[in-house]
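Residue numbers (the UniProt record's numbering), protein chains in the order written: chain A, 1 to 267; chain B, 1 to 267; chain C, 1 to 267; chain D, 1 to 267; chain E, 1 to 267; chain F, 1 to 267; chain G, 1 to 267.
Mixed in with the good hints there might be a few duds.
To give an idea of the chain F side of the interface with chain E (calculated C-beta under 8 Å), a few residues [stated by the list, open to error]:
{"no.": "1", "residue": "14"}
{"no.": "2", "residue": "125"}
{"no.": "3", "residue": "127"}
{"no.": "4", "residue": "182"}
{"no.": "5", "residue": "186"}
{"no.": "6", "residue": "190"}
{"no.": "7", "residue": "191"}
{"no.": "8", "residue": "207"}
{"no.": "9", "residue": "211"}
{"no.": "10", "residue": "228"}
Between beta-carbon pairs, the in silico distance windows are [what the hints assert, rightly or not]:
{"no.": "11", "chain 1": "E", "residue 1": "29", "chain 2": "F", "residue 2": "234", "range": "57 to 63 Å"}
{"no.": "12", "chain 1": "B", "residue 1": "126", "chain 2": "G", "residue 2": "250", "range": "56 to 62 Å"}
{"no.": "13", "chain 1": "B", "residue 1": "198", "chain 2": "C", "residue 2": "84", "range": "52 to 58 Å"}
{"no.": "14", "chain 1": "E", "residue 1": "133", "chain 2": "F", "residue 2": "119", "range": "50 to 56 Å"}
{"no.": "15", "chain 1": "A", "residue 1": "125", "chain 2": "G", "residue 2": "120", "range": "18 to 24 Å"}
{"no.": "16", "chain 1": "F", "residue 1": "115", "chain 2": "A", "residue 2": "125", "range": "36 to 42 Å"}
{"no.": "17", "chain 1": "B", "residue 1": "250", "chain 2": "A", "residue 2": "127", "range": "58 to 64 Å"}
{"no.": "18", "chain 1": "C", "residue 1": "84", "chain 2": "D", "residue 2": "227", "range": "26 to 32 Å"}
{"no.": "19", "chain 1": "F", "residue 1": "234", "chain 2": "E", "residue 2": "33", "range": "40 to 46 Å"}
{"no.": "20", "chain 1": "C", "residue 1": "247", "chain 2": "B", "residue 2": "199", "range": "31 to 37 Å"}
{"no.": "21", "chain 1": "B", "residue 1": "254", "chain 2": "C", "residue 2": "232", "range": "32 to 38 Å"}
In case anyone wonders, no lab produced these hints; they're calculated from the structure.
No residue lacks a Cβ here, since even glycine has one placed at the ideal position from N, Cα and C.
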Amino acid sequence: MFIARSEYDRGINTFSPEGRLFQVEYSLEAIKHGSTAIGVRYPGAQLLLTLSILTRLSLKQVATSEGVILGVEKRVQSTLLETSSVEKILEIDSHIGCAMSGLQADARSMIEHARVESQSHAFHYNEQLRVESCTQAICDLALRFGEGADGEESIMSRPFGVALLIAGVDEDGPQLYHAEPSGTFYRYDAKAIGSGSEGAQAELQNEYHKSLTLAEAETLVLKTLKQVMEEKLDAKNVQLASTTPGKGFRIYSDEEMAEVVGRLPSN
Amino acid sequence: MFIARSEYDRGINTFSPEGRLFQVEYSLEAIKHGSTAIGVRYPGAQLLLTLSILTRLSLKQVATSEGVILGVEKRVQSTLLETSSVEKILEIDSHIGCAMSGLQADARSMIEHARVESQSHAFHYNEQLRVESCTQAICDLALRFGEGADGEESIMSRPFGVALLIAGVDEDGPQLYHAEPSGTFYRYDAKAIGSGSEGAQAELQNEYHKSLTLAEAETLVLKTLKQVMEEKLDAKNVQLASTTPGKGFRIYSDEEMAEVVGRLPSN
Amino acid sequence: MFIARSEYDRGINTFSPEGRLFQVEYSLEAIKHGSTAIGVRYPGAQLLLTLSILTRLSLKQVATSEGVILGVEKRVQSTLLETSSVEKILEIDSHIGCAMSGLQADARSMIEHARVESQSHAFHYNEQLRVESCTQAICDLALRFGEGADGEESIMSRPFGVALLIAGVDEDGPQLYHAEPSGTFYRYDAKAIGSGSEGAQAELQNEYHKSLTLAEAETLVLKTLKQVMEEKLDAKNVQLASTTPGKGFRIYSDEEMAEVVGRLPSN
Amino acid sequence: MFIARSEYDRGINTFSPEGRLFQVEYSLEAIKHGSTAIGVRYPGAQLLLTLSILTRLSLKQVATSEGVILGVEKRVQSTLLETSSVEKILEIDSHIGCAMSGLQADARSMIEHARVESQSHAFHYNEQLRVESCTQAICDLALRFGEGADGEESIMSRPFGVALLIAGVDEDGPQLYHAEPSGTFYRYDAKAIGSGSEGAQAELQNEYHKSLTLAEAETLVLKTLKQVMEEKLDAKNVQLASTTPGKGFRIYSDEEMAEVVGRLPSN
Amino acid sequence: MFIARSEYDRGINTFSPEGRLFQVEYSLEAIKHGSTAIGVRYPGAQLLLTLSILTRLSLKQVATSEGVILGVEKRVQSTLLETSSVEKILEIDSHIGCAMSGLQADARSMIEHARVESQSHAFHYNEQLRVESCTQAICDLALRFGEGADGEESIMSRPFGVALLIAGVDEDGPQLYHAEPSGTFYRYDAKAIGSGSEGAQAELQNEYHKSLTLAEAETLVLKTLKQVMEEKLDAKNVQLASTTPGKGFRIYSDEEMAEVVGRLPSN
Amino acid sequence: MFIARSEYDRGINTFSPEGRLFQVEYSLEAIKHGSTAIGVRYPGAQLLLTLSILTRLSLKQVATSEGVILGVEKRVQSTLLETSSVEKILEIDSHIGCAMSGLQADARSMIEHARVESQSHAFHYNEQLRVESCTQAICDLALRFGEGADGEESIMSRPFGVALLIAGVDEDGPQLYHAEPSGTFYRYDAKAIGSGSEGAQAELQNEYHKSLTLAEAETLVLKTLKQVMEEKLDAKNVQLASTTPGKGFRIYSDEEMAEVVGRLPSN
Amino acid sequence: MFIARSEYDRGINTFSPEGRLFQVEYSLEAIKHGSTAIGVRYPGAQLLLTLSILTRLSLKQVATSEGVILGVEKRVQSTLLETSSVEKILEIDSHIGCAMSGLQADARSMIEHARVESQSHAFHYNEQLRVESCTQAICDLALRFGEGADGEESIMSRPFGVALLIAGVDEDGPQLYHAEPSGTFYRYDAKAIGSGSEGAQAELQNEYHKSLTLAEAETLVLKTLKQVMEEKLDAKNVQLASTTPGKGFRIYSDEEMAEVVGRLPSN
């Protein structure tokens with residue numbers, strides 16, 4: 001019953017009688033209103049992992065055959081909006097980036113936090129922050145909503161209304177993580193978030209295979225986005241980024257976007 | 001149902017079961033009561049951007065052919081009110097200004113914050129604050145409502161009830177940003193906010209083209225305002241400002257206003 | 001519906017679904033219970049402004065032909081009350097004063113704040129605080145209700161229940177500002193606040209003209225008050241003050257009050 | 001309607017839709033349950049004021065013909081209660097005292113605050129605190145209820161449930177102030193507070209005249225108290241105090257009380 | 001109506017529309033559940049006061065003929081409870097003690113506070129704390145409930161649920177004070193608190209006279225307790241203490257208790 | 001009526017109209033769900049007390065004939081649970097221990113607090129903490145729930161849901177205290193707490209006599225537990241501890257438990 | 001009745017009239033939604049305990065015949081999820097690990113706390129943290145929810161929604177603890193938590209015996225998991241870990257998992 005449920009969801013951070021945290025569940029709804037984002041890891045990672053243990057020095061040369069592709073839909077309500085200012089894919093560090101779905105301002109806070117963590121780690125330990133550690137730093141921040149702002153950083157009084165697909169590369173090779181407002185995170189081969197995530201995830205489940213090439217991964221991301229987008233997909237309303245051992249995290253230029261979109265079957 | 005919705009909107013900063021932040025949405029309503037404000041960027045920017053990379057020294061001479069025009073309606077309830085004290089367009093720094101719609105006092109707080117950020121940046125780094133950074137500083141402040149006042153500045157216990165059109169110029173040329181109470185911001189070629197924003201935006205969508213001249217941009221802003229204002233437009237109840245690479249941000253004098261208004265078709 | 005509205009107005013500083021701030025609106029009601037206060041600027045200011053730019057040294061000699069008159073009704077419930085202790089017009093600094101309507105104690109807090117700002121400015125910068133800056137300092141205080149008391153001064157946990165007419169003189173000549181609990185302020189030629197403000201403002205709108213003399217301004221203020229007061233106006237239950245470039249802010253003595261009241265038509 | 005009103009009065013310090021502060025109004029009710037207190041200023045003050053400007057040195061010699069009489073009812077529920085411990089009249093400093101009506105413990109807090117202010121002023125400036133400043137210090141404290149306890153003194157979380165009649169003497173001669181929980185204060189020639197205040201004030205209005213002598217003032221206070229007291233007035237259940245330029249603030253001894261009570265007509 | 005009243009009593013420290021503080025009134029109910037306690041001052045005090053002014057040195061020799069007797073009922077629910085651990089009479093300092101009725105733990109907090117105040121006063125000023133000052137320190141603590149714990153001592157978030165009869169001796173001779181949760185205190189010749197206070201106070205009113213001897217006072221206290229106790233009074237379920245100028249505060253030994261109880265008429 | 005009562009019990013620490021503290025009363029209910037615990041003091045203590053005053057040095061030799069026995073029921077839901085980890089009897093210091101009933105984690109907090117107090121006292125004053133002082137330290141902690149965590153220790157935001165039987169020995173001999181969530185404590189000869197406390201206390205009342213020997217006290221504790229336990233009593237699901245002047249506080253070993261349980265009549 | 005109960009469970013940490021803490025009970029529901037986790041201790045521990053007292057030096061050689069096996073179900077919603085990132089078994093220190101059921105992010109906080117405690121203990125005292133102390137540190141953190149964040153670590157504003165099975169080895173041999181959100185912990189021979197805990201615990205009760213070998217314990221854990229899992233058990237969706245005196249805490253490699261799963265009867 002609706003009224004009865006509302007007895008429990010007014011407290012920011014309390015359990016319902018069924019053991020649920022409603023504010024966290026509601027923040028997931030905010031993400032369901034967000035634009036769709038997709039991440040796909042294309043293979044070579046297992047191989048790399050083995051090699052990197054044996055021959056760490058030759059890591060970069062070998063690793064070029066694998067990586068992670070992130071793709072997002074940009075919702076453009078007006079032709080007067082400059083699409084380049086709709087940033088759904090953001091760099092965290094030279095080796096880590098992410099795609100977001102949900103509230104733009106919340107994402108900015110989380111990513112700013114991750115950037116500081118990454119710089120600080122590099123400064124203190126003279127090594128790049130591992131992708132899992134970066135994801136965990138973001139998730140620890142997400143868990144702390146509703147607490148007193150004792151620490152160094154401003155913490156939200158509600159859960160973050162944003163989900164992230166974090167793509168990065170470290171000595172374990174390219175990795176794709178999904179981070180939720182609840183502070184939970186898992187590693188995926190391919191994952192979709194946002195308003196079209198249900199259909200997109202089903203598509204990924206069907207199409208993903210362990211021998212995808214870079215070009216196939218790019219096409220898979222765009223084809224999947226195309227199916228769940230309301231607007232017709234073109235080089236302006238989607239954005240891709242790649243993470244590879246050789247080049248780290250890179251957002252595709254307009255020329256690169258045009259080239260990949262041109263490759264799609266035209267139906 | 002109205003009563004049911006109210007269960008969720010009493011918490012200042014909590015999600016509803018549908019993932020909505022009601023207080024932020026309600027603050028947008030406050031802006032819908034505000035006077036209309038319009039910003040239009042007239043072209044040359046793309047060209048400038050290219051040139052500035054090649055020949056940064058010649059930037060100012062070249063850039064004079066482009067800019068941003070801001071225009072606002074001044075609602076004058078009484079002839080005894082001095083219209084010059086109705087400040088809907090305000091300077092942030094010599095290269096950045098903004099037009100506001102919504103609660104005057106809230107706008108003053110946000111702009112004061114932006115002024116301090118801009119001065120502080122110039123002092124510390126000996127360079128002008130970029131327009132996007134300025135916009136982000138304002139939006140970060142907007143996001144932080146409802147938090148403990150730990151930081152240097154007083155923060156609101158509710159969302160700001162004001163939207164801003166921020167026009168500025170930096171090495172990327174003249175730019176126009178729209179900043180919302182939610183902390184979201186995007187860059188636009190032309191954007192309207194306030195009570196007449198719906199009609200005005202439709203008009204801009206129709207009339208805007210990439211080869212507008214300065215005079216055409218001024219006329220477009222005033223013509224659009226004229227259509228959505230309840231009072232008859234004259235040189236007293238509207239205000240214009242321009243942002244250009246050469247002269248930075250300038251509010252039009254009474255003489256300049258009279259000249260531009262005089263150019264409007266008289267029907 | 002009444003009950004439904006009350007769902008939103010219990011939070012001190014939250015938006016209603018229509019984007020309204022009920023506590024601020026309710027504080028305006030407190031002012032509507034207050035005694036009427038009126039301010040009228042009599043001309044010469046435009047002239048002065050021009051002159052002051054050209055020949056700043058001769059400012060004081062020239063400016064004597066213009067100024068602002070403040071007038072208030074004193075509600076005297078009992079003949080045992082000493083009317084001189086009913087202070088509805090108060091000095092802020094030698095060049096700025098104000099008339100209040102609403103809660104006496106709230107006004108005292110605001111004016112004490114303005115006095116400190118004014119003294120502090122004079123001490124630090126060796127110049128008088130400008131009238132607009134003084135008004136803004138008061139309005140910034142008004143906006144900050146409901147916040148933690150971090151700053152130097154005690155801040156109210158509710159909006160101030162008082163409106164002020166601020167009359168002052170600086171290098172821009174005599175000026176009249178109206179400041180509201182919402183933190184909004186505008187400059188006026190003539191403005192009425194308090195329980196009789198509606199009728200009084202209509203009267204001012206009709207009678208005000210740009211060539212008022214000092215004596216005409218005094219008479220206009222008293223005549224307008226007379227129309228909206230329930231008691232019969234006499235030299236005891238009204239109070240006048242003037243602000244002029246030459247003499248700054250001065251509250252009329254009993255003799256001066258008697259003289260001006262004597263000039264009123266006796267019907 | 002009762003229920004509807006209660007929607008607004010639960011917030012400690014919020015406006016109702018009609019602009020009322022219910023908690024402050026309710027605190028006035030607490031005072032209406034209190035015992036009656038009366039203050040009467042007997043003339044000579046106007047004269048003194050004039051003289052004091054001309055010949056300040058001769059102030060004390062001249063001023064002896066005027067002053068303020070405070071009188072209170074002591075409610076004695078039991079003959080086992082020592083009436084001397086029912087302190088309704090208290091000294092603030094050698095030149096200022098007050099009569100209270102309402103909650104005893106709240107009065108003690110306010111008066112302790114005033115005592116500290118008075119001592120501190122004398123210590124810092126080597127002069128006695130003026131009566132109006134003392135009253136204002138008390139009223140500023142009253143206004144601050146509901147705020148964080150940042151300052152030096154403990155502040156109440158609700159309005160003070162007490163009204164004070166403050167009688168003091170400074171270079172302006174003897175003065176009588178009435179201070180309310182709202183932080184409002186006015187100067188009076190004669191004023192009654194507490195449960196019998198309505199009848200007593202009407203009586204004072206009728207009987208007060210500008211040529212009262214000390215003895216007449218004492219009699220007026222007691223006669224007025226007698227009319228509104230439920231118990232029969234005697235030298236034990238009333239208390240008087242005087243404030244004069246010569247002797248400052250003095251509470252009457254048992255002998256003096258007996259003498260004044262003896263003078264009353266016996267019906 | 002019950003429901004309506006409850007609208008106002010949920011706030012810890014707010015006035016009801018009738019000007020009542022419900023939480024304080026409810027705490028008085030907690031005391032009505034408490035065991036009965038009685039205090040009786042036997043004469044000689046007036047005499048002492050006079051003498052002490054003339055011949056302070058001979059104070060102690062003269063003052064031995066007067067004092068205060070405190071008596072309490074000990075409710076013993078079980079014969080396995082050790083009655084000596086039911087402490088309803090406690091020492092504050094060598095010259096001050098008290099009898100309590102209400103919540104044991106609350107009393108312990110208040111008395112601990114009084115002990116610290118008394119020791120601190122003696123240490124700083126090298127003199128014993130006066131009885132009235134001690135009572136006031138307790139009452140100031142009682143008033144401060146609901147405030148932030150800024151000060152040195154832990155303060156309750158609700159009113160104290162305890163009343164005290166404070167008996168002490170200083171240069172004004174032996175004195176008996178009654179202190180309430182509201183922070184109100186008065187001096188009494190004889191006073192009863194707790195569940196049997198109504199009947200006991202009526203008895204005291206009848207039996208008390210100004211020429212009681214020590215033995216008569218002891219008998220009066222016990223006789224009065226006997227009338228209001230449900231259990232049969234014996235030397236185990238009552239406790240006496242005396243405060244005299246010569247010996248200060250002393251709790252009666254078992255032998256003394258047996259002797260006084262033995263003196264009671266046996267009906 | 002149930003609903004009406006609930007109006008008052010939602011505030012953590014507020015009085016109901018009848019002067020009750022519901023949260024404290026409800027915490028007692030938590031204890032009624034707890035396992036039963038019993039304490040019995042066997043005689044010799046009175047004698048010791050007398051002797052200890054005369055001949056403190058010979059205290060330990062003399063005192064061996066008396067002490068306190070604590071006994072608890074261990075509820076073992078599963079044979080896979082290790083009963084030794086069900087700690088219902090805990091040591092506070094070498095001379096003080098306690099048996100608990102209620103929430104395990106709350107008991108741990110209280111006992112940790114008592115341990116620190118005891119160690120700290122011994123360190124600062126070079127003497128063992130007295131049993132009453134130890135009990136009072138626990139009760140002061142219990143009273144402070146709902147307060148800000150200013151002090152050195154973390155304080156609960158609700159009452160502790162645990163009751164303790166504290167058995168210790170000091171120069172007054174062995175003593176048994178009962179401490180409640182309300183902060184109230186009393187000394188007992190024999191006391192039962194927990195779910196079976198009502199039946200057990202009645203049994204103790206009948207069987208206790210002042211000439212119990214150690215063996216008789218052990219048997220009395222176990223016989224009483226046996227009557228109120230749902231499971232069949234054996235050496236695994238009960239635990240005993242003794243406190244004696246000679247050996248201080250000791251928990252019985254498995255062998256000792258088996259021996260005492262073996263002595264019980266077998267019906 | 002549902003509505004009535006909800007009156008009490010909205011306060012984060014308050015007792016209901018029946019003495020229950022609803023938020024803590026609701027957090028147990030969150031655990032019932034979690035994946036199943038099982039711990040089984042296989043014998044030799046009792047023997048070790050005895051030996052370790054006599055001959056501490058030979059501890060490690062002797063102890064190799066006993067230990068604790070932890071096993072968890074990994075719920076894999078998608079084949080695109082990398083199962084190695086579903087960490088339900090985590091290391092705390094080289095000698096302690098744990099299996100979790102409930103909210104992943106909460107578990108991470110608790111385990112991070114335990115890791116810091118363990119490292120800190122080792123650093124300060126140069127010895128490994130005992131298993132019981134480690135469990136107690138986790139439970140103390142769990143108890144402190146709802147308190148101000150004064151301490152060094154961020155504390156939750158609600159109970160932790162996670163249960164842990166803690167397996168460790170110290171000088172008392174291998175031990176298995178179960179820790180709950182309430183802060184309660186007990187030691188077990190075999191224990192199941194999570195959604196299948198009821199069926200699993202019944203199975204363990206039947207099958208557990210004191211002479212289990214390592215291989216038998218591994219098989220018992222997997223067989224029990226298999227019965228309560230919805231998916232078909234394979235080497236990917238379960239995980240085992242062992243704790244032994246010789247090797248401390250170790251998570252099974254993929255090869256080891258495959259070997260043990262292969263041993264299961266294939267029905």
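Violated hints, by number in ascending order, as checked against the structure
The structure breaks hints 2, 3, 8, 9, 10, 11, 14, 17, 20, 21; every other hint is satisfied.
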